[in-house]
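These protein sequences, in sequence, are chains H and D. Letter 236 of the first sequence, counting from 1, is numbered 236 in UniProt numbering, and no numbers are missing. Letter 121 of the second sequence, counting from 1, is numbered 121 in UniProt numbering, and no numbers are missing.
Some hints here could point you the wrong way.
Note that the list lumps identical chains together, so a pair holds whenever it fits in one copy or between two copies.
As the list claims (entries may be wrong) - Straight-line Cα separation of at most 25 Å, DMTMM-like style, residue types lysine to aspartate or glutamate; simulated pairs:
(1) 314 <-> 45
(2) 133 <-> 113
(3) 84 <-> 321
(4) 133 <-> 116
(5) 383 <-> 335
Hints are computed from structural coordinates only; laboratory data are not their basis.
2 protein chains.
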Amino acid sequence: MVKFSSRVPADGTDAVGSILKAAADPKIISFAGGLPAPELFPVKEMEAATDQAFEKHGRELMQYGGAKGLPELRQWACQHVAEKENIRCEADNVLITTGSEQALDLVGKALVDPGDVVLVEQPTYLCAVDVFKSYGAKLVSVAMDDDGLRTDALEDVLKKYPEAKLLYTVPNFQNPTGRTIPEERRQRIAELAAQYDLMVLEDNPYGEIRFAGEHVPAIKSFDQDGHVCYMGTFSKTLAPGFRLGWVMATKEMIDKLTVLKQSADLHTDNLAQYATVEYLQANDLAAHVKEISALYGKRKQLMIDGINKYFPDKVKSTDPDGGMFLWVEVPGVDDTIAVFKECLKNNVAFVPGDPFYAGQPQPGTFRLNYSNMAEDQIEVGLKRLGTVLAKYVH
Amino acid sequence: MVKFSSRVPADGTDAVGSILKAAADPKIISFAGGLPAPELFPVKEMEAATDQAFEKHGRELMQYGGAKGLPELRQWACQHVAEKENIRCEADNVLITTGSEQALDLVGKALVDPGDVVLVEQPTYLCAVDVFKSYGAKLVSVAMDDDGLRTDALEDVLKKYPEAKLLYTVPNFQNPTGRTIPEERRQRIAELAAQYDLMVLEDNPYGEIRFAGEHVPAIKSFDQDGHVCYMGTFSKTLAPGFRLGWVMATKEMIDKLTVLKQSADLHTDNLAQYATVEYLQANDLAAHVKEISALYGKRKQLMIDGINKYFPDKVKSTDPDGGMFLWVEVPGVDDTIAVFKECLKNNVAFVPGDPFYAGQPQPGTFRLNYSNMAEDQIEVGLKRLGTVLAKYVH
């Protein structure tokens, strides 16, 4: 028997793994995953970009590279957030990571000692819960409403835990709820971070996939003194399989994250980095993202239509302006897993809300994904879901 | 001021970073790096393999993949170690990692709680020291001789620390010394691991780059009951820039490492994985590795010749049968860094021995790399080195 460290989760705690496995049966219409639509991947363009990368930099891309990532890619990230988010930074403020999941892991490792308080949204991205727990964090949830994280609730929590190290937030089209935090709250989050010397980890994988409404500036754009680390990724705009993300922070923070990055995997794969640089030079990423957004917007609307048509009236759902997920609240349900199992029998699946809560879960909640579902399957799936929900709502 | 966790090294402790920076001046002949020879990278073949991967699996390789890595690659690793090392395993015993550095990090994270004893060779791979320290390990060094890790010393250490969690060893052409552990010692290490319920982390990046002598079976081939985790990599045989490694262990261990892998970066880059699978199908990796070994053997011999010609007689060095490094011991030197600085002034560089020691460093030691140095530069560099060393040896 191996004596695992206290960081390793106990057996049988991989609830989401079991759920995704159960939902993988091809008979099942599964809204459980979190995948982009593969039919929009620019395969030909990326193949051409990879060829270019080999022609121009064959030996460099096969050799060891720098821990911070390709300067061209870090420069691109700076220009990108300058245009999109009004964030001013230089290449030295950027670390390229093996997907933004690694940025989450490195920031957790850099800041969290066992017992340190980390604030998360209620509910929050479930892998963030795993990461922070693996470094011994004491997780404290901050309440949300339809406008995302409530800043009055954040202030209350900070009064109780003024020593809190970190706030993790997904301000745009949050995973799992699809909610977006409005501008005045973002400004307030930046103020509270400065006041309480709190680091904010702003994770923005979905912000560019907007199909309705107006862009809201990043929390980092209100940051005066280095209290916000901003995470970006190519996973939703280009190719999640390439595992390319980045984190933007003060030079001091980036230097420390780089030391940890070297221990984690030395540097991010050069092939994916060089290929992506060539893709960005030869193609119009913004136009590609517009195409993605249009498709997801169409699918989300079909999902909302199906919810209106088939779900009992008392069931509530969010109606996001972008991203990949929406969130459902079914009143009167005590055991969400029982509903999930009943749905599986009816060949439809979702992710039950429980694993998205760092604390006590709100029963009767679940997440639906619409980005990775053929249009003709959405209505069929929601009809099945509605049939099951009708048995639970009285 | 950010309050970093206790895992983050203090400022000014990145000795190796400073050394490599100092040695990067193009005037300097630097034996400090640890890079493969880029002129042997199979750039054309890998470009063709990448095209094949896009043609066959364009959408899959851009989409999210499984945390354990491509089944084809895990299967290949099983066949490879079955043929080379007489290790029997199945794809479920293999996790593909983002370079073998990540395997080191995940095994450290999975096993080491703060205060746990981890045994390392004296001297050892310096990044391993960083990884284990980052999880709070108490590092204990085990003495070596010309035949690598001394098993009598290991037994003494285990009597003193019977609770030791892990032994980290590089049995073939060790980094930094170039030493190789003979078969009977490997068998003894496996016995002691079983007796003391110790996990052995056998790291084998260099074993295939053999230019003299006979292959020695892996420690894992003597493992009866899951006390050895075996690490392999494509970094020295194919392309370090792709960041592709693997770890082989019991299914229980692999399942736990997979949970941690998901928190670390979800999965390893699909582009590099699919391209490598295509490369392995279309090319003869063994023939390519033979070519690498022949070149490194030639360079090592030039280095040995230069040492014999230019170094003072009292200076000792190892004479490896493979790998990329050899190890020099200069008697009578107290301050290796002073020698290093003097060498820089003479436009030649190495890595001083100090950072390779988890405990008290042995003064007057340093590492020389021969894999990444043009033949005509080796003699020139060693002549410069010899001139400086002559001032220190009396």
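Verification of the supplied hints:
1. In the homo-oligomer, the alpha carbons of residue 314 and residue 45 never lie at most 25 Å apart, since the shortest distance is 47 Å inside one protomer and 61 Å across protomers.
2. In the homo-oligomer, the alpha carbons of residue 133 and residue 113 lie at most 25 Å apart both inside one protomer (10 Å) and across protomers (14 Å), since each shortest distance falls under that limit.
3. In this homomeric assembly, residue 84 and residue 321 come within 25 Å of each other (Cα to Cα) only inside a single copy, at 17 Å, whereas the closest approach across copies is 55 Å.
4. For the identical chains of this complex, residue 133 and residue 116 are neighbours both inside a copy (10 Å) and across copies (20 Å), given an alpha-carbon limit of 25 Å.
5. Taking the shortest alpha-carbon separations for residue 383 and residue 335, only the intra-copy value of 21 Å comes in at or below 25 Å, while the best inter-copy value is 77 Å.
Hint 1 alone, counting from the list given before, is not met by this structure.
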